[in-house]
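Trainee: Guided by the hints, dock chain B onto chain A, whose structure is given.
If you read the sequences in order, they're chains A and B. Count along the first sequence from 1, add 15, and you get the number used in our numbering. Count along the second sequence from 1, add 15, and you get the number used in our numbering.
Please note that a few of the clues may not be correct.
[Stated by the list, open to error] List time: in silico SDA-like cross-link candidates among lysine to any residue, alpha-carbon distance up to 20 Å: (1) A:K68 <-> B:R305; (2) A:K69 <-> B:I277; (3) A:K34 <-> B:R305; (4) B:K392 <-> A:G81; (5) B:K392 <-> A:P80.
[To be verified] Computed Cβ-Cβ distance ranges for the label pairs, DEER-style: (6) B:K240 <-> A:K104: 36 to 42 Å; (7) A:T181 <-> B:D78: 52 to 58 Å; (8) B:Q26 <-> A:P167: 43 to 49 Å; (9) A:R276 <-> B:D174: 54 to 60 Å; (10) B:D60 <-> A:K49: 53 to 59 Å; (11) B:R321 <-> A:R219: 55 to 61 Å; (12) A:D101 <-> B:G46: 57 to 63 Å; (13) B:G46 <-> A:G136: 47 to 53 Å; (14) B:K49 <-> A:K104: 55 to 61 Å; (15) A:G354 <-> B:G218: 50 to 56 Å; (16) B:Q26 <-> A:T389: 58 to 64 Å.
No wet-lab data here; the hints were simulated from the structure. Using N, Cα and C, we set each Cβ at its ideal position, and we do this for glycine too.
Number of protein chains: 2
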Amino acid sequence: MPISRRIAAYQAGGSWIRKLFEEGARLANDGSGKPVYDFSIGNPDLEPPPEFKKALRTIVNDDTPGQHKYMANTGFEETRAAVAADLSKDHDLPFTPQNIVMTVGAGGAVNVTLKALIDPGEEVIVNAPYFVEYRFYIENHGATMVVAETKPDFNLDLDDIAAKITDRTRAVIITNPNNPTGVMYPQETLDGLGDLLREKSVGRDRPIFVIDDAPYRKLIYDSPKCTSSFNGYENTLVATSHSKDLGLPGERIGFLAVSPRIDGWERLTGATAFANRTLGFVNAPALMQRVVAQLQSVTIDLDWYRRKRDLLYNELTRMGYEVPFPGGAFYIFPKAPGGDDIAFIEKLKDNRVLVVPGTGFGRSGYFRISYCVTDDKIEGALPLFEAAIKNYS
Amino acid sequence: MPISRRIAAYQAGGSWIRKLFEEGARLANDGSGKPVYDFSIGNPDLEPPPEFKKALRTIVNDDTPGQHKYMANTGFEETRAAVAADLSKDHDLPFTPQNIVMTVGAGGAVNVTLKALIDPGEEVIVNAPYFVEYRFYIENHGATMVVAETKPDFNLDLDDIAAKITDRTRAVIITNPNNPTGVMYPQETLDGLGDLLREKSVGRDRPIFVIDDAPYRKLIYDSPKCTSSFNGYENTLVATSHSKDLGLPGERIGFLAVSPRIDGWERLTGATAFANRTLGFVNAPALMQRVVAQLQSVTIDLDWYRRKRDLLYNELTRMGYEVPFPGGAFYIFPKAPGGDDIAFIEKLKDNRVLVVPGTGFGRSGYFRISYCVTDDKIEGALPLFEAAIKNYS
Chain A
16 MPISRRIAAY
26 QAGGSWIRKL
36 FEEGARLAND
46 GSGKPVYDFS
56 IGNPDLEPPP
66 EFKKALRTIV
76 NDDTPGQHKY
86 MANTGFEETR
96 AAVAADLSKD
106 HDLPFTPQNI
116 VMTVGAGGAV
126 NVTLKALIDP
136 GEEVIVNAPY
146 FVEYRFYIEN
156 HGATMVVAET
166 KPDFNLDLDD
176 IAAKITDRTR
186 AVIITNPNNP
196 TGVMYPQETL
206 DGLGDLLREK
216 SVGRDRPIFV
226 IDDAPYRKLI
236 YDSPKCTSSF
246 NGYENTLVAT
256 SHSKDLGLPG
266 ERIGFLAVSP
276 RIDGWERLTG
286 ATAFANRTLG
296 FVNAPALMQR
306 VVAQLQSVTI
316 DLDWYRRKRD
326 LLYNELTRMG
336 YEVPFPGGAF
346 YIFPKAPGGD
356 DIAFIEKLKD
366 NRVLVVPGTG
376 FGRSGYFRIS
386 YCVTDDKIEG
396 ALPLFEAAIK
406 NYS
Chain B
16 MPISRRIAAY
26 QAGGSWIRKL
36 FEEGARLAND
46 GSGKPVYDFS
56 IGNPDLEPPP
66 EFKKALRTIV
76 NDDTPGQHKY
86 MANTGFEETR
96 AAVAADLSKD
106 HDLPFTPQNI
116 VMTVGAGGAV
126 NVTLKALIDP
136 GEEVIVNAPY
146 FVEYRFYIEN
156 HGATMVVAET
166 KPDFNLDLDD
176 IAAKITDRTR
186 AVIITNPNNP
196 TGVMYPQETL
206 DGLGDLLREK
216 SVGRDRPIFV
226 IDDAPYRKLI
236 YDSPKCTSSF
246 NGYENTLVAT
256 SHSKDLGLPG
266 ERIGFLAVSP
276 RIDGWERLTG
286 ATAFANRTLG
296 FVNAPALMQR
306 VVAQLQSVTI
316 DLDWYRRKRD
326 LLYNELTRMG
336 YEVPFPGGAF
346 YIFPKAPGGD
356 DIAFIEKLKD
366 NRVLVVPGTG
376 FGRSGYFRIS
386 YCVTDDKIEG
396 ALPLFEAAIK
406 NYS
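In isolation and in its complexed conformation, chain A is listed as follows (with noise of 0.2 Å):
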């Protein structure tokens, strides 16, 4: 076997989105000619907004030299000044470019920010149910992941968050709005995590990070914006994506904002621009840098994903499932009948339908549906929802 035995034991593990990716393939071209109902993966099938397109066309029309070169490994001034100024407008806190360290997407911008944070054997606590790829995200930068629950309705649950803390404990990651479970988490939680972990880090020499990867933040149905972990806290960091609020997953351009509240927070921003160089990042895409310093006011169709949203809601609710509000995002999480997720999912996968079991999130007695598809496919899905609650329940 010629790779690392870390790695190998990984794979054993396996992910449960890949197996359902792959099932997916298989079924597609099983010959039946039957369609599959596949709502296991964030990959949205909405198109970019025009703007992009507009403002793309524009930029590689442009025979200014230089635009493919070496930046600074922040980014581009002009990109960090646009997303500065979108931020601050947004939490009314004063960011500056400085603040601003563009990234190869929110995965990027959230393992920089774990390698400018932590020392070996720290501990960094994430709220289940969370996205599967923190745990590795951690373990890369030599820390260990402790689980927090949340309460029913998917909330932070403050009091099983300040039981995890230990003298060892670097950072808290949240993601609002959530993914699996498309929950915004409300204000007032948002700003007792601050007083808790402003109370927790007292006589530390170094505070509790909050870590928010919010690659959501705009994908918001109910209110004109998401909550703000940087009100919350101030020693909050936001690791984010143009994944989803533009649909360009593939091209890889987030950013990571550190919060000018926090007490030297030019020396952590300096740490972040030295992990992106030395992880091997080096900085984000030098053309999608360009492109989003003029989108930072643009945001995909929100009418599409409510839409979507609001039928399968209401229409599972309907059914009899039971199903926790989701704010945001394009995740529904909603739980399975009989309890047991893992059988659940397999009967939905035998008149193919593939969602993903929440004991692949840390979350049994669940199933995630991501919702990012053609409104047929949800159509379609839902005689099969209807009917795998009556016959399982």
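Mentor: Coordinates of chain B only, in the frame set by chain A:
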């Protein structure tokens, strides 16, 4: 201090290239109006070839939907097929798309490779002088960097590599052609390295691998193509990018090629794809993948570089500098007159000429000139190099 102790220690060590970059910016804005001759950084002044602009414009004017979505973590099949075809021709080996993982530059490819190969506590050998990022890359994955010295002409010293191999050695990183020396290794050396590692791998459960970091593989000035690490040794992975051969360093488009001669290469490619995902890269930027798929047989204007290489090599040699012959890349690595590279580069700096001391690459007594600059910079600096050797020898 908000940052990790590990990063703080790295940053306290400083980087010569960064210091010189900052010095260059300071000199350029010192109000004197005098030119600065900055040979410190490998950021090409040469624009990408015209075929690049043509391909880019064609692609962004294509309205086929789904172009910016996620694809497999290995990259688009079409791009990997184009890369595999070019490599098969170059090395006379049967590369398939399954041997290729598209990456976020060569820096991404090296990190992905190390993550897939290394278990914590293992060792990776580099050859001094070496690219400064290797230490960070190796330590990112919990391994230790071990330095082998090279011969006086900067060819690999196989005896020293042999002496540095322990039962914890997992890989040897080479850079062919080399940064900082510009030296291309003879095929006999690569064959000899293969013989050595084949012999040293006997009785191990996993062989010692060669990781050939080859972003300059197409910048070769005296022969039609670069010597082949793939042909020298079966257990070889090549990490490369189009940063230099197409002039796209800011776009972060590269790839990793896994030799089809590796026993279990399919497993290794799978592990590197997994590492690409879990290190947070996810995939190489989608748009640039589609562009470079069309450009595998295109290279930036080699005459632009060859002319500068010849001018610098001939003139520096005439002045009395000892210069190992640079067959590729865009670096020249002369001996520092007087023997003290730090003192010598300070002297050049007083005359507004910026070069990097060999100490920054783990080999004192030399200095690196990066000649990916316009002719007038080289012509303007030549009298200053001549004055420096006269005054300092």
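Trainee: Does the Cβ-Cβ separation between A:D101 and B:G46 fall within 57 to 63 Å?
Mentor: The hinted range 57 to 63 Å is violated for A:D101 and B:G46, with Cβ atoms some 35 Å apart.
Trainee: Hinted pair, alpha-carbon criterion (20 Å max): A:K34, B:R305. Please report holds or violated.
Mentor: Violated, because 27 Å separates the two Cα atoms, which is more than 20 Å.
Trainee: Between B:D60 and A:K49, does the beta-carbon spacing fit 53 to 59 Å?
Mentor: holds, 57 Å
Trainee: For the hint 36 to 42 Å, verify it against the beta carbon of B:K240 and that of A:K104.
Mentor: violated, 54 Å
Trainee: Given the hint of 55 to 61 Å, check if B:K49 and A:K104 actually sit that far apart at their C-beta atoms.
Mentor: violated, 43 Å
Trainee: Could one say that the CB atoms of A:R276 and B:D174 fall in the range 54 to 60 Å?
Mentor: holds, 57 Å
Trainee: Regarding B:R321 and A:R219, is the given constraint of 55 to 61 Å on their beta-carbon distance met?
Mentor: holds, 58 Å
Trainee: Using the C-beta atoms of B:G46 and A:G136, is the stated range 47 to 53 Å upheld?
Mentor: Because 50 Å falls inside the window, the suggested range holds.
Trainee: Given the proposed pairing of A:K69 with B:I277, does the C-alpha separation stay at or below 20 Å?
Mentor: violated, 46 Å
Trainee: Against the range 43 to 49 Å, how does the distance between the Cβ atoms of B:Q26 and A:P167 compare: consistent or not?
Mentor: Holds, since B:Q26 and A:P167 (Cβ atoms, about 45 Å apart) stay within the stated range.
Trainee: Taking the beta carbons of B:Q26 and A:T389, is their distance inside 58 to 64 Å?
Mentor: About 49 Å separates the Cβ atoms of B:Q26 and A:T389, which means 58 to 64 Å is violated.
Trainee: Range hint 52 to 58 Å: satisfied by the CB atoms of A:T181 and B:D78?
Mentor: holds, 54 Å
Hint check: violations occur at hints 2, 3, 6, 12, 14 and 16; the rest are consistent with the structure.
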